[in-house]
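Line order of the protein sequences matches chains P and G.
When you read off a place in the first sequence, starting at 1, and then add 306, the result is the number in the working numbering.
When you read off a place in the second sequence, starting at 1, and then add 306, the result is the number in the working numbering.
If you're looking for bench data, these hints aren't it; they were derived computationally from the structure.
Warning: the hint list may mix true and false statements.
[What the hints assert, rightly or not] Distance condition first, Cα-Cα at most 27 angstroms in a straight line; then the derived BS3-like pairs of lysine-lysine:
no., chain 1, residue 1, chain 2, residue 2
1, G, LYS464, P, LYS464
2, G, LYS501, G, LYS456
3, G, LYS329, G, LYS343
4, P, LYS562, G, LYS456
5, G, LYS386, P, LYS329
6, P, LYS456, G, LYS349
7, G, LYS456, P, LYS464
8, P, LYS468, G, LYS464
9, G, LYS484, G, LYS456
10, P, LYS464, P, LYS546
[Claimed, not checked] Stretch by stretch, here's where chain P covers chain G in the computed footprint (C-beta under 8 angstroms, at least three residues):
no., stretch
11, 351-365
12, 418-428
13, 522-533
14, 551-565
[To be verified] If we take Cβ atoms under 7 angstroms as the criterion, some of the chain P residues that face chain G in the derived model are:
no., residue
15, LYS329
16, ASP436
17, PHE447
18, LYS456
19, VAL587
20, GLU590
Built from N, CA and C at the ideal position, the CB exists for glycine as well.
As a plain string of letters, each chain reads:
Number of protein chains: 2
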Amino acid sequence: MADLQSDQLGQAGGRLPQVLIIKQPIALDGYLPDLSKRFDLLKAYESPLPIDDFLATFGKTVKAMICTRGTRVDRELVSKLPSLELIVTTSAGLNLIDLSECCRRRIAVANTGEIFSADCADLAVGLLIDVLRKVTSGDRFVRAGAWPSKGAFPLGSKLGGKRVGIVGLGSIGIQVAKRIGAFGCSISYNSRKPKASVPYPFYSNVCELAANCDALIICCALTAQTRHMVNREVLLALGKDGVVVNIARGAIIDEKALVRCLVEGEIRGAGLDVFENEPNVPAELLSLD
Amino acid sequence: MADLQSDQLGQAGGRLPQVLIIKQPIALDGYLPDLSKRFDLLKAYESPLPIDDFLATFGKTVKAMICTRGTRVDRELVSKLPSLELIVTTSAGLNLIDLSECCRRRIAVANTGEIFSADCADLAVGLLIDVLRKVTSGDRFVRAGAWPSKGAFPLGSKLGGKRVGIVGLGSIGIQVAKRIGAFGCSISYNSRKPKASVPYPFYSNVCELAANCDALIICCALTAQTRHMVNREVLLALGKDGVVVNIARGAIIDEKALVRCLVEGEIRGAGLDVFENEPNVPAELLSLD
């Protein structure tokens with residue numbers, strides 16, 4: 307953001323360039339005062355106008371927009387912003403932005419690049435430990451007051467020696483591999499094509515990867531190709547003792563299939579940072595440990 | 307256990323040596339059938355007799371005992387077992403066993419050595435990630451159905467660059483350091499004396515270590531010297547953004563001081579696998595996130 311000069315956005319006659327923000331950008335809260343000095347921030351979320359009216363009123367002159375996670379930028383939205391030159395998203399994923407339309411309109415799109423990769427990787431490892439060692443379920447057990455009455459909590463499972471499959475060995479996947487290696491797990495991966503720079507075994511097929519792993523960690527982007535890539539077949543290949551962790555996008559997993567596998571004990575557990583229809587989480591998932 | 311020959315325990319006249327087990331050894335459940343073939347297991351937890359009567363009846367000829375976590379072996383208990391030659395505990399910690407009395411009586415004591423070190427280290431890292439990235443509190447948030455109504459969950463804090471102080475650089479502490487290093491944390495430690503074999507800065511004083519760290523991970527044994535070693539002064543030195551993780555023994559932390567610091571926001575959070583008076587957990591702790 308610091309490199310974004312306001313004159314690049316066509317500042318004319320002393321007026322600040324207009325930047326549209328549709329949803330409240332919580333991650334940017336601390337930066338808004340500074341941004342306000344350099345840009346005319348059009349905060350749709352503070353306006354009493356419905357979004358369509360807001361765009362009809364202010365959309366014509368908007369030069370740039372800031373998207374927070376959950377803001378969908380489709381062809382229809384872009385058509386209401388004829389002066390749009392730049393989309394900045396606070397997310398690493400671009401699945402909610404119609405990239406081919408942006409390409410056609412020559413609108414630049416900037417995401418967070420690798421800024422969040424380490425944090426996503428930390429969380430992925432945290433969720434894997436959580437599911438295997440039953441951290442949150444142990445927390446619920448203790449908080450529910452069950453320890454004195456029910457006695458010992460069931461044992462967890464160790465990380466050491468576990469075969470972990472990383473789905474998508476991009477900047478997040480690489481960071482996950484680096485961390486997981488320190489726990490004595492063996493690593494293999496699936497991605498669009500094998501990476502020459504890594505020593506881990508490559509599987510071109512997610513199902514085959516799952517069949518050879520105790521845990522899958524989903525780190526790939528959500529695209530038309532990866533939507534529901536982790537389906538019932540993959541989960542069954544992972545098996546009864548298998549664990550799936552998703553820190554990417556909910557829809558990479560077929561959530562209905564996941565719920566069924568969890569309910570029926572066809573896999574051991576799941577550590578989910580994302581869901582298919584956020585913020586709505588299937589009731590069956592919430593009822594499981 | 308496999309090396310424990312029954313004849314070493316004074317098997318005479320074809321009778322199997324008597325082994326006392328006071329509390330149900332859940333971690334050994336799968337091994338009991340095999341042990342039963344080689345030893346006469348005296349399971350006090352299955353007897354209708356009060357423990358004193360049980361020991362008065364059977365204690366005289368007991369050669370060995372198996373202790374599970376929570377079994378206290380004090381001078382009084384040992385005095386009721388005049389033939390005792392060996393204590394085997396399923397725990398790494400020996401804080402519940404009166405070692406000086408065992409030494410005087412020439413009773414051998416075997417613990418789990420380093421078998422659990424990797425698992426304890428995994429959990430320590432899991433709890434650190436959990437507190438910093440708010441995993442269990444996020445889990446509660448989602449399960450409580452708060453996501454659709456309250457919107458975004460507060461952001462967590464990254465591990466990268468955090469200064470982590472390890473209290474007790476034994477076999478568990480070393481394994482924690484190895485894992486934490488992969489997350490880009492810087493490591494320093496406190497122990498009885500500096501270790502020549504490690505590259506991490508040493509602090510002879512826990513309070514000084516805390517003052518120079520963002521997180522403390524307690525990995526030391528509970529002894530008379532370490533009881534309440536992490537007191538209010540240490541927690542205040544750790545500071546408002548500080549996190550404490552305890553996978554050792556509850557009583558190493560002054561729990562009352564910890565609760566007060568958490569309630570008053572004098573430290574950021576705590577990841578606790580152990581408590582001072584297990585299985586009883588202070589109500590104030592349960593009410594906190």
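Please name the hints from earlier in the document that this structure breaks, with their numbers sorted from lowest to highest.
-> 2, 5, 7, 9, 11, 13, 14, 15, 17, 18 and 20
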